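Q: So the sequences go chain by chain: A and B. For the first sequence, the working numbering gives the first residue as 1, with consecutive numbering after it. For the second sequence, the working numbering gives the first residue as 1001, with consecutive numbering after it.
Simulated from the structure, these hints should not be mistaken for laboratory data. Careful, some of the hints might be misleading.
[To be verified] Ranges of calculated distance between the beta carbons of each label pair, as one might list FRET restraints:
no.: 1; chain 1: A; residue 1: L35; chain 2: B; residue 2: D1376; range: 52 to 60 Å
no.: 2; chain 1: B; residue 1: H1120; chain 2: A; residue 2: P141; range: 21 to 29 Å
no.: 3; chain 1: B; residue 1: G1048; chain 2: A; residue 2: A56; range: 56 to 64 Å
no.: 4; chain 1: B; residue 1: K1342; chain 2: A; residue 2: L35; range: 51 to 59 Å
no.: 5; chain 1: B; residue 1: S1153; chain 2: A; residue 2: R95; range: 30 to 38 Å
no.: 6; chain 1: B; residue 1: G1132; chain 2: A; residue 2: P105; range: 47 to 55 Å
no.: 7; chain 1: B; residue 1: G1398; chain 2: A; residue 2: D41; range: 37 to 45 Å
no.: 8; chain 1: B; residue 1: P1262; chain 2: A; residue 2: A56; range: 30 to 38 Å
[Unchecked claim] Covered by chain B, according to a simulated footprint, are these stretches of chain A (three or more residues, beta-carbon under 8 Å):
no.: 9; region: 71-82
no.: 10; region: 99-113
no.: 11; region: 158-168
[Unchecked claim] Residues from chain B that keep clear of chain A, each with C-beta distances beyond 12 Å, as calculated:
no.: 12; residue: P1033
no.: 13; residue: M1057
no.: 14; residue: S1078
no.: 15; residue: G1132
no.: 16; residue: G1161
no.: 17; residue: G1190
no.: 18; residue: E1193
no.: 19; residue: P1199
no.: 20; residue: P1200
no.: 21; residue: L1235
no.: 22; residue: G1313
no.: 23; residue: S1336
no.: 24; residue: M1375
The structure presented is a predicted model; accordingly, all values stated were derived computationally and were not measured. Backbone N, C-alpha and C fix where the C-beta goes; we use that ideal spot for every residue, glycine too.
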Amino acid sequence: MTTELATDPRLWIEVHAWLDHEAELLDEGRFQEWLELITEDVCYGMPVRLTRERGAADSHRGNQYFLENAATLRLRVERLATEFAWAEDPPSRTRRFVTNIRVQPDPEGVRVRSYLLVFRNRGDDAGQEWLSCERRDLLRPTPAGLRLARREIWIDQSIVGSRNLAIFL
Amino acid sequence: MTISIGRPTETGPRDGLGARLAARVDIDAGSLPAFVFNDREVYERELGAIFGRCWLMVAHVSEIPEPGDYVTRTMGTSPVIVVRDEKGEVQVFLNACRHRGMRVCRADLGNASHFRCPYHGFTYKNSGELVGVPFQKAAYGDILDRQRLRLLSARCAVSHGLVFATWHPDAPTLEEYLGHLGWYLDLYLGRAEMEVFGPPQRWEMPTNWKIPAENGASDAYHTAHTHASLPKIGLIVGGSKFAEAGYHVHAGNGHGLGLGMPTDELVFPSEMLDEYRRRLRPEQFQTLIQVKNSHCTLFPNLTFVLSSARLEGEIVSHLNMQLWQPRGPDRTEVLSWGLVEKDASPRWKERARRHYIITFGASGVFEQDDAENWMDITRNCGSPVAQSLDFLYLQGLGRQPATDFPGPGEVYPSKYSENNARAFYRRWLELMLHDD
């Protein structure tokens, strides 16, 4: 991966702004607007993570926590809008912290790696869930701006410390 | 059929917990006290009385196909290694060195001929023998009996591709333990060679393990309301009869299931029908092809769901397994596998995998709403006033058994029943009050 200085600073700023905007949409529950940021051929996955000896493959793409295309992402959003989506109604309070953004232009678009730390709190629980992960994205330039064409979420736990994954990462 | 695993208590409850249970539990009257779902004393008794005695599922054979392949799991809270040894035999060992108890294997899965303890280097073959002790002569002279110091072995047996183990030396055979459930496991797992999509999803829920286990055994009734979002988005078809039509079966020993049937259309891959016919008895085959969905708990803590839907315009189905591992009176670790026919078409397998992930994994649209209920029930059951409540297990009391169903067990018409929950807790109580 090239260093940040080797990347066109305008592209670097555009990617930062895109990720901040996406986090805002998800934290504010503006899921329909979020869906406008994905491509029709989007692949959205989250492999199972494994504890292995150093050097061995520590993830598995056979079983994944998410394995979505545009249709299933829309289905999930449509579900949240029904009055029976108990897992997120009342909604969680979430705050997504996006850092360590690395940008690499690519013939297919822009490859972006970012760290994501999500704070999630629900109901009258004084505690919280923290989910830490790296996201490996492919953003594709379109006339309307950058769009998410591929995302792989690498969670930093082999046992996810959350009651469910009813939120998008 | 009831399998006794030892002498039931004849003298009645002798201690505080036994008296508390005897005073409040009245299963025949359909009543169970709230405190059993969040109580330290109940939980600690369960680790021995339930998880120390029952046959427990630890792996699927497709996870460890080759000699040396292993996965690490827990039986209740006890860490174990499930390994296929060099002779091809599956063995289950406590993951603890005989010297100081350190875990001799610290990976989730892999392939190994030996397990070496990181602490002092005691080394065991994958068949359990202690074969290496560093500086043995200098450290021990001739007083160490290596023969006696194998990794502690659980009794282990394989049925329907599932590896089970038990710590109880006098447990019945696995076949006896499964009893009538074998007929139904044939439908889930014996109809064709099945394989898992990969290692299990794992996550931790703030709930008591019995709530999801009971739900899997008995509760089709919740589907209409808890999962009311799913007909709205087309992931469930069949209208108001969705959850009701079918049979409710107690297969003995606390194993319970519901079969949603009949179906309007075949929910299985048509290329597999010949294979099903070869492997199943005619009455099993005729039952299977009418099934739309099914839920089951193999006592104590393994739940199966056979789920079907119309996804992106086409019918699809898969089988999933959830293992509810006790982690405290109010905590459960979930291991979740999706399974599919090994010889189904690549296209069907891919669609089945996506169907599993969107419905029953940690992000599954069924699973996530279930978790919300189970968590808040558990919280309530930890508060003193809520603990004084007695919960209702009345559905199906006095109902006449079905006479038009070919499968074994106590079979009732309509999936709306709590007979399986009563059977689950009868078995649970029998084990909890068992006099050693």
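Q: Each hint: holds or not?
A: Taking the hints in turn, this is what the structure says about them:
no., hint, result
1, L35(A) x D1376(B): 52 to 60 Å, "30 Å, violated"
2, H1120(B) x P141(A): 21 to 29 Å, "59 Å, violated"
3, G1048(B) x A56(A): 56 to 64 Å, "35 Å, violated"
4, K1342(B) x L35(A): 51 to 59 Å, "36 Å, violated"
5, S1153(B) x R95(A): 30 to 38 Å, "49 Å, violated"
6, G1132(B) x P105(A): 47 to 55 Å, "54 Å, holds"
7, G1398(B) x D41(A): 37 to 45 Å, "57 Å, violated"
8, P1262(B) x A56(A): 30 to 38 Å, "47 Å, violated"
9, 71-82, "holds (count 7)"
10, 99-113, "violated (count 0)"
11, 158-168, "holds (count 9)"
12, P1033, "25 Å, holds"
13, M1057, "17 Å, holds"
14, S1078, "17 Å, holds"
15, G1132, "19 Å, holds"
16, G1161, "17 Å, holds"
17, G1190, "22 Å, holds"
18, E1193, "17 Å, holds"
19, P1199, "5 Å, violated"
20, P1200, "7 Å, violated"
21, L1235, "7 Å, violated"
22, G1313, "10 Å, violated"
23, S1336, "8 Å, violated"
24, M1375, "6 Å, violated"
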